[in-house]
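Protein chains in written order, with my numbering: chain P, 1 to 244; chain V, 1001 to 1184.
There could be a bad hint or two in this list.
Here are some of the chain P residues that sit facing chain V, going by a computed Cβ distance under 10 angstroms [claimed, not checked]:
1. 4
2. 12
3. 13
4. 20
5. 115
6. 124
7. 125
8. 172
9. 176
Residues on chain P that point at chain V, a partial pick, calculated with CB under 7 angstroms [stated by the list, open to error]:
10. 26
11. 28
12. 103
13. 104
14. 105
15. 114
It is worth saying that the hints were derived from the structure and are not from the lab.
Predicted, not measured: the structure shown is a model, and the values here were computed from it.
C-beta atoms are modelled at their ideal positions from N, C-alpha and C, and glycine is treated no differently.
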Amino acid sequence: MTELERSLVALGRELAVPEVPDLTPRVLATIGPRRRRLAAPSRRLVLAFALVALALLGATLAIPDARSALLRIFDIGAERIEIVDELPEIPVADLESTLGERVTLDEARDRSTFPLRELETPPDRVYLGEHDTVWFLYGDPVSPRLLVAQTPFVRLDEPALVKKIAGEGTRVESVSVGGARGVFLSGDPHFFFYVDENGDAVSDTARLARDTLVWSEAGVGYRIEGDFGTGEALELAESLRQRR
Amino acid sequence: VEGRPPDDAALAERARRGDERAFEELVRMHQSIAFRTAYLLTGSASEAEEAAHTAFVKAWQALPRFRRGAPFKPWLLRIVANEAHNRRRSAGRREALRLRATAAHPRGDAAPSPEGAAVGRELRGKLLDALAKLDERDRDILTCRYLLELSEIETAEALGLRRGTVKSRTARALERLRSEVGDD
């Protein structure tokens, strides 16, 4: 340890930290019974639903005719991002059940264990899902335009991701999202996700929308799914910020 | 002992299953480090109390997803650090680190430690000034590693970084601090 490091440790021991309040009574008075998640289906079942629903979502977004109708919905600084709208209705199995418990945006902010990032445009629906993932859905479950997911306690494992999905029709492009490393996936909708703090994969191979931008920053994994190019995805990502 | 009480994991497991008394014990055991962490990251006692309180409440809600057998403290400190960052940003207090050092009584000691004696009043002031000038990332990593004396692994978990990133970022932050202090 250098002299500077020793000085910092000594400083830490000499800092005037106020007396620690007893938080116990207030915490106990606040917590109450835990909220239950959705009917608690098994993870395997949820994953199966997710694969089916997201494959359908991916297929929907890949329909050429569906791309003809555009709606300008996202204002980012002086620019606007065009996102596919008015997709044909399809029998999406039950997208909502794969996303989690539907909550309000305020509730998501309150219950999230990490600072949520938001686009300037509020989402149409918000869900709390597995691994404390917060989902923002733009559009509705049968006509989704954009999905934004934020998952705490995970990081992007780029080498594993690239190793798993490179080739096989999936285009993988390394990008920088405001200085954080990320990956833009397009082509075949294969997907390998994050690893958690123990190094375990949070989600294995899955099928999502056609184009997906994934990155992680400060212990939170982010992904944006929709029908966009790299530039648009990056602009959306960089406009995703804390707004409270 | 490995840095945490032997019943920490057992309490966390009971709390994970909904045992409020076990969670109460966890709050008592960890409220000091939670508050201190929040205080050093926000520089405000009232913000630190709110951040620590909210973090415990969120931890309770998130416990069903807590990995069985994992250490509770770093997991909790990550939630605390996130809350503290959130409050610091909402308060527009990014640059304000309003910490001060005590004159003569290091924490937990009746008399100054040998290290404390070595850190003179002037150097303490310079270090605090220099820390306040660092950007948020540098200051947070030095706060965790040295002021809170967290290990590299604990710092990595608390700040959501890889261990290697903690190592490299700490080295860079120390360099910048050294140049601010003018100590080479």
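Okay, the hints, checked on the actual structure:
1. Because the smallest distance between the Cβ of residue 4/P and any Cβ of chain V comes to about 6 angstroms, under 10 angstroms, the interface hint for this residue holds.
2. For the restraint placing residue 12/P at the interface with chain V, the shortest Cβ-Cβ distance is roughly 3 angstroms, inside the 10 angstroms limit, so the hint holds.
3. For residue 13/P, the shortest C-beta to C-beta distance to chain V is roughly 4 angstroms, which falls under 10 angstroms, so the interface hint holds.
4. Below 10 angstroms, beta-carbon pairs count as interface contacts, and residue 20/P has one with chain V at about 5 angstroms; its hint therefore holds.
5. The interface hint given for residue 115/P is met, as the beta carbon of that residue sits about 4 angstroms from the closest beta carbon of chain V, less than 10 angstroms.
6. A least Cβ separation of about 24 angstroms between residue 124/P and chain V goes past the 10 angstroms threshold, and the interface hint is therefore violated.
7. Look at residue 125/P: its Cβ only gets to about 21 angstroms from chain V, farther than 10 angstroms, so that hint breaks.
8. Given the 10 angstroms rule on beta carbons, the hint for residue 172/P is violated: about 21 angstroms separates it from the nearest Cβ of chain V.
9. Hint status for residue 176/P relative to chain V: violated, with the closest Cβ pair at about 16 angstroms, above 10 angstroms.
10. Hint on residue 26/P holds. Least Cβ distance to chain V is approximately 6 angstroms, under the 7 angstroms limit.
11. Checking residue 28/P against chain V: minimum C-beta separation of about 6 angstroms stays under 7 angstroms; hint holds.
12. Restraint check, residue 103/P versus chain V: the minimum CB separation of about 12 angstroms is more than 7 angstroms; hint violated.
13. A hinted interface residue such as residue 104/P counts as satisfied when its beta carbon comes closer than 7 angstroms to some beta carbon of chain V; here the least separation is about 16 angstroms, so the hint is violated.
14. This hint is violated: residue 105/P has a C-beta 16 angstroms from the nearest C-beta of chain V, more than the 7 angstroms allowed.
15. Given hint, residue 114/P at the interface with chain V, holds; its Cβ is 5 angstroms from that chain's nearest Cβ, closer than 7 angstroms.
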